[in-house]
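First to last, the protein sequences are chains A and B.
Our numbering applies: residue 1 is where the first sequence begins, and numbers increase by one.
Our numbering applies: residue 1001 is where the second sequence begins, and numbers increase by one.
Each hint should be verified, as a subset may be incorrect.
Unchecked claim - Below, simulated DSBU-like cross-link-like pairs (lysine-lysine); rule was C-alpha separation at most 30 Å, straight line:
1) Lys314(A) / Lys1285(B)
2) Lys1267(B) / Lys369(A)
3) Lys329(A) / Lys1267(B)
4) Lys369(A) / Lys1285(B)
5) Lys319(A) / Lys1341(B)
6) Lys261(A) / Lys276(A)
7) Lys200(A) / Lys491(A)
8) Lys276(A) / Lys329(A)
9) Lys22(A) / Lys2(A)
10) Lys329(A) / Lys254(A)
11) Lys491(A) / Lys249(A)
12) Lys28(A) / Lys8(A)
13) Lys422(A) / Lys329(A)
14) Lys261(A) / Lys314(A)
15) Lys377(A) / Lys1285(B)
16) Lys218(A) / Lys261(A)
17) Lys329(A) / Lys369(A)
18) Lys1285(B) / Lys422(A)
19) Lys8(A) / Lys200(A)
20) Lys276(A) / Lys1285(B)
21) Lys261(A) / Lys1285(B)
22) Lys22(A) / Lys67(A)
23) Lys226(A) / Lys248(A)
24) Lys388(A) / Lys369(A)
25) Lys218(A) / Lys22(A)
26) Lys388(A) / Lys248(A)
27) Lys388(A) / Lys1267(B)
28) Lys1285(B) / Lys329(A)
29) Lys1341(B) / Lys369(A)
30) Lys377(A) / Lys388(A)
31) Lys1285(B) / Lys256(A)
32) Lys377(A) / Lys1341(B)
33) Lys254(A) / Lys388(A)
34) Lys1285(B) / Lys1267(B)
35) Lys388(A) / Lys1285(B)
36) Lys377(A) / Lys1267(B)
As the list claims (entries may be wrong) - Among chain B residues calculated to face chain A with C-beta under 8 Å, some are:
37) Phe1252
38) Thr1269
39) Thr1276
40) Ala1279
Just so you know, the hints here were simulated from the structure itself, not pulled from any lab data.
Glycine included, every Cβ here is placed at the ideal spot set by N, Cα and C.
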Amino acid sequence: MKPILELKGITKRFPGVLANDKIDLTLKKGEIHALLGENGAGKSTLMNILYGLYDPDEGEIFVNGEKISVSSPRDAITRGIGMVHQHFMLVPVFTVTDNVMLGDETTRVGGFLDRKSPAARIREISDEYSLEVDPNSYVRDLPVGVQQRVEIIKLLYREADILILDEPTAVLTPQEVDELFTIMRSLVDNGKSIIFITHKLREVLTFADRITVIRGGKVVGTTTPKEANQNDLAAMMVGREVSLEVDKKPAQVKDKVLEVKDLVVLDDLNHVAVNKVSFDVHGGEILGIAGVQGNGQTELVKAITGLSHPTDGKMNLMKQDITRANPRKITEIGSAHIPEDRQQDGLVLTASIADNLVLNTYYLEPFAKNVLIQEDKVLENAESLIGKFDIRTPSALIPVGSLSGGNQQKVIVGREFSRPIKFLVAAQPTRGLDVGSIEYIHIRLLEKRDAGCAILLVSTELDEIMELSDRIAVMFEGEIIAVVDAEGATKEQIGLLMAGVVEA
Amino acid sequence: MSEKEKKQDTKKNNAGKIFLEELSKSPLTLTILAIFSGLLLGGLLVAVTSVEVYQAFDVSFWEGIKSGASAAWSTYEALFYGSVGNPGKIIDAIKGGQAEDIRRAFNPFFESLVVSTPYIFAGLAVALGFRAGLFNIGAEGQIYIGAVTTVIAALYLKGLPSIIHVPISLLAGFIGGGLWGFVPGLLKATTGGHEVINTIMMNYIAFRVSDYLLRGPLKNPEGYSPVSAPIEESARLFRFFDSPIRFHIGFFIALLVAYLVYLLLFKTTWGFTLRTVGANPRGAKYAGMNIMTSTIIAMVLSGGLAGLAGANEVLGVNHNLAVAFSSGYGFDAIALALLGKSNPIGVVLAAIMFGFLRNGAIQMQLSAGIPIDIISVLQAFILTFIAAPAIIRTIYRLKEPDMDLDAVTLRGWGGN
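Input sequences plus hints: build the corresponding full structure.
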């Protein structure tokens, strides 16, 4: 049987970069084909070519054996190729029907919108693939997982046969991920074919029929879940052996470092985001806070780091009251913070790497004498941290914004770890980073733990929480609904807790 | 050593190419080309607006081109004579040996520096605001209030030696302007009220306050026009030459202040804080900086610098305070800060350029009969090219620069 989609020798050059280098890819009818690669490997470029957003410099695209050229997304969709982007392209204040028909509206005589027949069609599609989407609900009221299904319906409505899903699991809870894969299965059973882009190894092995690994714009190889394991795939992605399981010694738990009692924090809209939360973090342990994005973790971290003040409750750090302390005071007690949003909070992108490396110590000796900045000391510090933390940059004086995400994160880690710290808040420390950088950050976190530092790790990546934590606290709707020992905890157990299900 | 040699080796064959590439990325190249293009377009404008050129085109195409070129040339010649001086006259005057003739011949150059001085102060004021993430549109009002407080100190303090009276009067100007900056700064820091709106409002208050004072309490009792009495001799800034050269020590004070602003911004922890708050307030908060204090201090300093521009005009040039004495220095200052990329050195250079253009324009109008407005258009051309560097890059096929370390983002609009 002819493959439904075939890419031959696709090459795309950007100034100074060969983003795609003679890429071949074959998609069989009715298969789930995973496209695996690190950030910047060229996955997105390839898919954007297929979707008509870029013109390839070389190469050919065949659909059902017929050579085609795709010059716009509209072209792609008429060829039966549709894409769900990582960031949804939905209008929140419109209904599902409005969103689905947007750009392809059906009208009645006189140019009036016809909502009835599209709604019926959406209901049909929803039933056929058991998507459970109500065409009349407003998108803003739908959970993220359902919004994603609306995106899929958009494609099915336009009769796409080839679905491209770009990092579809990044925004989902473990349960939603399972649901998504059930849906993907039912799609391929009904004759659709799927390419899904990811850098998560576990998912690929569980759900893909075939796997193509891309590195540095080239296809490294194509394999199947039967033939490969996580370590093989990681090595293919990164180009060297990667240890996925970090070597973790048993925790040497010391004195209490942070004590949080009945903390109440409001969000920007004055809603209660953190509701009477209490916990302790001890020296030498990592307390992981698990939870789906938006359950109060961000506000909790803000309060602990002094970026906002709680409305009720108490916090002690190293036996000092920090309930209403400002960030500088908290830093000076011996705390460090790897912020969730590294570009907004953690760095000044237009300032140099050297300046960013002293962002919260610039006023102290040796970087300043009275009010005069000691530039030579700032530069010395930068040179030393660039070496120690393996920050890849041609110079300490270029703006930090010109570094890659992984290297930006290393600047933050280098800065925060270079102080003698007793307590560390790491919020989403590896979000958006590639396998190599994740490994690096994980090793550094465990090193700090073993050195006796108390670490509060906040992450929506369950794997990360499971792997690094000594104890796991699960946050749901602003409350910590359970604290369990990481030893012996299962993914399913934590996953259920993240969804708010507490066993009776 | 060997590494260096290696580097040189690989670079040797294309050293010229690399040099050109670097040159084409340099922001200075961009500025120079923007000025050049502005002058070119300005010349074109002169040519297409002069009647003689059209008459010459009636004779022949070639005559028309020639006439256009000569019209543009004579404009810029007049501009040069007006701003720098007429070389012929200078030589004649030196040969003649008459002191007053020599002073007269050199006067255009010094007068340009006199005009540049308030531009330097005001440009620094706006640039410092930009660096701290604040859009100070209120420099003009701060200039007026600075001038008012200066004239009060310079009029009513009597019997002081110059060495004390001048600094006190300058300080009075700084305080007056600083107070006018403090109010919008405080509003921004405590209520989030936007400084753009509030500084504009403060401008109106400043204009009316100074009008009232000059028609009432500050008015010279011996005159009829709304002008203050002449200030005390002891408060006047030292002039280096006799009449007609008005060149005074204020120019050097401005350079010194520019250097101090540079030190403050780039060499002190205060400047580090101001710049961080300006570039990324959330990052600044994360790093433990106090954004409220930084905002207020930045507005006070910015206002104070603008106040010095007012003080300079009173103490160095006019020796009194008149209604509408400032011809929009505070508004031109915004352009200067942009032109100088909010860098004190850049601002000084831009201010001097503006001073020469403005002063030259007056002479140009007198001698070549070219309306002074052509200079405004010329400035507008140059600023447009600076503000939209893509135009210049396209015309001259320049390379896109690497990320600009000095980029000062204007967060002012769109809320933060």
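Going down the list of hints, with the structure as the test:
With a C-alpha separation of about 22 Å, the suggested pairing of lysine 314(A) with lysine 1285(B) holds against the 30 Å cut-off. As the CA atoms of lysine 1267(B) and lysine 369(A) are separated by approximately 11 Å, the hinted pair is consistent with the 30 Å bound. Among the hinted pairs, lysine 329(A) with lysine 1267(B) is consistent with the structure: their alpha-carbon atoms are about 24 Å apart, no more than 30 Å. In summary, the hint linking lysine 369(A) to lysine 1285(B) is supported, as the alpha carbons are separated by about 23 Å, within the 30 Å threshold.
The hinted pair formed by lysine 319(A) and lysine 1341(B) fails the criterion: a straight-line CA distance of about 48 Å is larger than 30 Å. Distance hint between lysine 261(A) and lysine 276(A) is fulfilled; the C-alpha atoms sit about 7 Å from each other, no more than 30 Å. With a C-alpha separation of about 16 Å, the suggested pairing of lysine 200(A) with lysine 491(A) holds against the 30 Å cut-off. The straight-line distance between the Cα atoms of lysine 276(A) and lysine 329(A) is roughly 24 Å, inside the 30 Å bound, and the hint therefore holds.
Between lysine 22(A) and lysine 2(A) the CA atoms are separated by roughly 21 Å; this keeps the pair inside 30 Å, and the hint holds. A C-alpha spacing of about 23 Å is found between lysine 329(A) and lysine 254(A), which places the hinted pair at or below 30 Å, so the restraint holds. The straight-line distance between the Cα atoms of lysine 491(A) and lysine 249(A) is roughly 21 Å, inside the 30 Å bound, and the hint therefore holds. Note on lysine 28(A) and lysine 8(A): the hinted pairing holds, with a Cα-Cα distance of about 14 Å set against a maximum of 30 Å.
Only pairs whose Cα atoms come within 30 Å are accepted, and lysine 422(A) paired with lysine 329(A) is accepted, the gap being roughly 14 Å. This hinted pair checks out: lysine 261(A) and lysine 314(A) have alpha carbons roughly 5 Å apart, not beyond 30 Å. As the CA atoms of lysine 377(A) and lysine 1285(B) are separated by approximately 24 Å, the hinted pair is consistent with the 30 Å bound. Of the supplied pair hints, the one linking lysine 218(A) and lysine 261(A) is violated, its CA atoms being roughly 53 Å apart against a limit of 30 Å.
Restraint check for lysine 329(A) and lysine 369(A): satisfied, since their Cα atoms lie roughly 20 Å apart, inside the 30 Å limit. Between lysine 1285(B) and lysine 422(A) the alpha-carbon distance is near 21 Å, which keeps this suggested pair within the 30 Å criterion. Straight-line distance between C-alpha atoms of lysine 8(A) and lysine 200(A) comes to about 26 Å, which keeps the hinted pair within the 30 Å bound. This hinted pair checks out: lysine 276(A) and lysine 1285(B) have alpha carbons roughly 26 Å apart, not beyond 30 Å.
This hinted pair checks out: lysine 261(A) and lysine 1285(B) have alpha carbons roughly 25 Å apart, not beyond 30 Å. At most 30 Å may separate the alpha-carbon atoms for a hinted pair to count; lysine 22(A) and lysine 67(A) meet this at roughly 17 Å. Restraint check: the Cα-Cα separation between lysine 226(A) and lysine 248(A) comes to about 29 Å, which is no more than 30 Å; the hinted pair holds. The suggested pairing of lysine 388(A) with lysine 369(A) holds, with an alpha-carbon distance near 25 Å, which does not exceed 30 Å.
As the CA atoms of lysine 218(A) and lysine 22(A) are separated by approximately 7 Å, the hinted pair is consistent with the 30 Å bound. Distance check on the hinted pair: lysine 388(A) and lysine 248(A) sit about 22 Å apart at the alpha-carbon level, within 30 Å; holds. For the suggested pair lysine 388(A) and lysine 1267(B), the alpha carbons sit about 27 Å apart, so the restraint of at most 30 Å is met. This hinted pair checks out: lysine 1285(B) and lysine 329(A) have alpha carbons roughly 12 Å apart, not beyond 30 Å.
Taking the CA atoms of lysine 1341(B) and lysine 369(A), the gap is near 29 Å; set against the 30 Å cutoff, the hint holds. Restraint check for lysine 377(A) and lysine 388(A): the C-alpha separation of about 16 Å stays at or below 30 Å, so the hint holds. A distance of roughly 27 Å separates the Cα atoms of lysine 1285(B) and lysine 256(A); the hinted pair therefore holds under the 30 Å criterion. Straight-line distance between C-alpha atoms of lysine 377(A) and lysine 1341(B) comes to about 27 Å, which keeps the hinted pair within the 30 Å bound.
Using a Cα cut-off of 30 Å, the hinted pair lysine 254(A) and lysine 388(A) holds, with the two alpha carbons roughly 27 Å apart. Distance restraint check for lysine 1285(B) and lysine 1267(B): the Cα-Cα separation of roughly 21 Å lies within the 30 Å cut-off, and the hinted pair is therefore satisfied. Pair hint lysine 388(A) plus lysine 1285(B) holds up; C-alpha atoms about 27 Å apart against a cutoff of 30 Å. Only pairs whose Cα atoms come within 30 Å are accepted, and lysine 377(A) paired with lysine 1267(B) is accepted, the gap being roughly 13 Å.
The beta carbon of phenylalanine 1252(B) comes no nearer than 24 Å to any beta carbon in chain A, farther than 8 Å, and the hint placing it at the interface is violated. Because the beta carbon of threonine 1269(B) sits about 4 Å from the nearest beta carbon in chain A, less than 8 Å, this interface hint is met. Evaluation of the threonine 1276(B) hint against chain A yields a held restraint, the C-beta minimum of about 6 Å falling below 8 Å. Because the closest C-beta pair between alanine 1279(B) and chain A is about 5 Å apart, less than 8 Å, the hint holds.
In this structure, the earlier hints numbered 5, 16, 37 are contradicted, and the remaining ones agree with it.
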